[in-house]
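Peer 1: Protein chains in written order, with our numbering: chain A, 183 to 473; chain B, 3 to 353.
FYI, nobody ran anything at the bench for these hints, they're computed from the structure.
Where hints are given, some of them may not hold.
[Claimed, not checked] Sample of chain A residues at the chain B side, in silico, Cβ under 10 Å:
(1) T401
(2) I404
(3) S434
All values derive from a computational prediction rather than experimental measurement.
Note that CB positions come from ideal geometry on N, CA and C, so glycine has one too.
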Amino acid sequence: MNDKRYFGILTGAAILFVALFAGLILTLVANSAATLGSSGLGFISGLEWNPVTLKFGAWPFIMGTLLTSFIALAISLPFSLATGILLGEYVRSSFVAKTANIFINLLASIPSVVYGLWGLTAVVPLVQKIETAAGVPAYGVGILSSSLVLAIMIIPFMSSMTREVLKNVPDSLRHGALALGATRREMVLGVSLPYVKSGIAAGVLLALGRALGETMAVTMLIGNATRLPSSLFSIGNTLASVIASQFNEAESDVHRSAMMELALILLLITFVINFAGRKIIEKSSGGRNGR
Amino acid sequence: MKINRVGAAVLMALLFSAAGSLAVAQSSSITLLGSGASFPGPIYSKMFDVYAKETGVKVNYQSIGSSGGIKNIMDKVVDFGGTDSFIKDADMMKYSAPIVHIPTVIGAVVITYNLPGSPELKLTGELIADIYLGKVSKWNDQAIQSLNPSVKLPNLAIMPVYRSDGSGTTFNFTAYLSEVSADWKGKVGNANSVSWPVGQGAAQNAGVAGVVTRAPGSIGYVELAYANQNKLAVAMVRNSSGKWIDPSLSSISAAAAGSFPKDTRILLVNTSAPDGYPICAMTWLVVYKDQKYGNRSLDQAKALVDLLWWVSHDGQKYAPDLDYAALPPPAVKAVEDVVRSITYGGQPVRK
Chain A
183 MNDKRYFGIL
193 TGAAILFVAL
203 FAGLILTLVA
213 NSAATLGSSG
223 LGFISGLEWN
233 PVTLKFGAWP
243 FIMGTLLTSF
253 IALAISLPFS
263 LATGILLGEY
273 VRSSFVAKTA
283 NIFINLLASI
293 PSVVYGLWGL
303 TAVVPLVQKI
313 ETAAGVPAYG
323 VGILSSSLVL
333 AIMIIPFMSS
343 MTREVLKNVP
353 DSLRHGALAL
363 GATRREMVLG
373 VSLPYVKSGI
383 AAGVLLALGR
393 ALGETMAVTM
403 LIGNATRLPS
413 SLFSIGNTLA
423 SVIASQFNEA
433 ESDVHRSAMM
443 ELALILLLIT
453 FVINFAGRKI
463 IEKSSGGRNG
473 R
Chain B
3 MKINRVGAAV
13 LMALLFSAAG
23 SLAVAQSSSI
33 TLLGSGASFP
43 GPIYSKMFDV
53 YAKETGVKVN
63 YQSIGSSGGI
73 KNIMDKVVDF
83 GGTDSFIKDA
93 DMMKYSAPIV
103 HIPTVIGAVV
113 ITYNLPGSPE
123 LKLTGELIAD
133 IYLGKVSKWN
143 DQAIQSLNPS
153 VKLPNLAIMP
163 VYRSDGSGTT
173 FNFTAYLSEV
183 SADWKGKVGN
193 ANSVSWPVGQ
203 GAAQNAGVAG
213 VVTRAPGSIG
223 YVELAYANQN
233 KLAVAMVRNS
243 SGKWIDPSLS
253 SISAAAAGSF
263 PKDTRILLVN
273 TSAPDGYPIC
283 AMTWLVVYKD
293 QKYGNRSLDQ
303 AKALVDLLWW
313 VSHDGQKYAP
323 DLDYAALPPP
333 AVKAVEDVVR
343 SITYGGQPVR
353 K
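Work the whole structure out from these sequences, hints included.
Peer 2: Spelled out as structure tokens, the structure:
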């Protein structure tokens with residue numbers, strides 16, 4: 183195979199990829215035509231989702247998606263960073279580290295329906311107790327339960343990323359910091375972490391992407407109600423969960439079209455967050471590739 | 003090691019293809035394809051299994067949901083579709099040729115609840131609607147207490163649970179509530195998924211039953227078969243004749259024993275039959291009235307018509323074991339006429 187043909191294959195693959203992606207968007211747009219044109223922006227801000235009267239608004243689901251994902255991220259971040267730092271800086275190849283790595287990788291490979299079941303049997307009763315104590319309706323399921331389980335689901339993404347990028351910090355930098363009299367803690371916080379912050383941010387984006395699109399576990403834990411969440415204990419619904427729940431047995435074309443539009447919105451949210459994330463990474467790394 | 007694995011995979015592939023060709027060789031050349039409602043999935047797989055053993059005609063049914071079944075028969079990619087709600091007059095126009103409905107078995111939606119001491123409860127349709135509307139929100143509400151004077155009801159919030167997935171169960175439940183409560187009809191209505199004013203959703207029968215078993219004070223609706231198999235507490239419901247009816251196979255069959263329309267398209271909820279349970283639902287197979295379409299052969303049409311006849315006659319005896327109610331005589335009579343009306347190129351397939 184000569185160079186030219188090799189280059190051709192690579193280009194072809196790349197073009198195919200872009201075409202597939204464009205096709206995906208086109209399919210969603212074409213299939214959501216029935217609601218896309220008629221309800222316009224009202225679809226995004228609408229609070230009602232009624233398959234009987236065919237009035238569809240996505241706002242409660244958009245809020246449900248964003249709330250669960252960002253709360254999950256907030257809960258998960260400290261734990262993920264801590265494990266990542268421990269495994270990337272302190273105990274890189276000890277028995278503890280190897281065992282911990284295996285378990286973190288396993289965490290990433292657990293099917294989400296299993297997380298959902300575990301959430302129902304372990305997290306929901308716990309949240310129910312908290313809710314009873316707080317004097318709110320003890321649904322158990324809801325924003326809090328979903329966020330807690332999502333938080334655990336996304337730990338592997340952030341902690342593995344943190345661990346891997348920390349391993350790439352040149353030892354010369356570490357030695358330099360230590361030689362200047364820094365303690366190990368100061369070395370990690372002042373030298374290693376700033377060096378890899380864009381890498382960690384990439385891990386956060388990956389985790390957020392997973393949380394935004396997670397369907398099964400959230401469907402089982404969020405309570406599936408078309409209501410705008412007003413507190414941590416509220417029940418609600420997410421974009422992905424509504425589509426998964428209702429699409430199969432949707433009776434009318436308008437209902438199906440509305441769900442296609444939900445998919446489009448979910449895609450858009452992921453794009454915006456990814457794009458904003460990349461911009462932040464670029465800015466913070468100041469042009470240097472943080473790997 | 004690697005070679006072993008590849009060898010094993012090849013061996014497996016060979017075994018599977020051998021098993022496959024064996025199965026094909028055993029059966030006759032005709033295989034009937036169907037898809038649709040998942041509610042009758044278990045009874046269909048039992049019936050079709052027996053049918054294949056008795057006649058050699060293989061029937062392949064996929065439980066993809068009523069909407070999918072309807073779409074598949076419309077697209078003519080299956081021999082028959084399965085649906086939990088009959089095709090409405092307005093939708094009949096969308097088909098290129100007339101469609102006929104063949105009811106197969108009857109199921110019921112039952113009300114299950116979680117209360118301390120598991121008392122036996124009596125509920126009316128209006129009350130169930132008020133609970134799901136949020137108008138009755140405590141178990142010791144006068145409306146419930148007055149129907150159940152002998153039960154000591156707790157001062158506990160009622161937590162209504164509904165199906166989060168679109169389902170025929172929800173369709174029939176909301177159809178019943180729309181029949182008995184004008185308020186429900188106006189505020190919520192009737193569909194596979196509706197906009198619930200209160201309560202929480204859970205996926206499938208199992209999800210609803212799961213929430214109800216776990217959460218004291220909750221109330222939910224599930225298929226009778228599911229409630230029976232899981233020994234859930236089930237409420238008696240007052241029917242339109244004013245009788246308190248326990249959902250059972252006989253009270254469900256009774257619901258369809260009244261007058262039966264010729265085209266079998268009947269909404270069984272809120273039946274006028276005096277001993278009928280009020281929240282019952284039939285499930286149907288739908289086929290084209292004239293079987294000569296596409297490149298279908300007369301043999302294929304005959305096989306389908308024979309199957310439909312068998313399902314509504316010999317096949318009925320398998321229903322009770324799986325917690326479905328069999329068709330009562332007036333329904334079977336109507337089915338016979340419908341099956342006899344199926345033609346192939348204008349000629350009746352079965353006389």
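Peer 1: Next item in the hint list is S434/A. Is there a CB on chain B closer than 10 Å to its CB?
Peer 2: 9 Å, holds
Peer 1: If you take the shortest Cβ to Cβ gap from I404/A to chain B, is it below 10 Å?
Peer 2: 9 Å, holds
Peer 1: Can we keep the T401/A interface hint, with Cβ of chain B closer than 10 Å?
Peer 2: 6 Å, holds
Consistency with the previously given hints is maintained throughout, with no hint failing.
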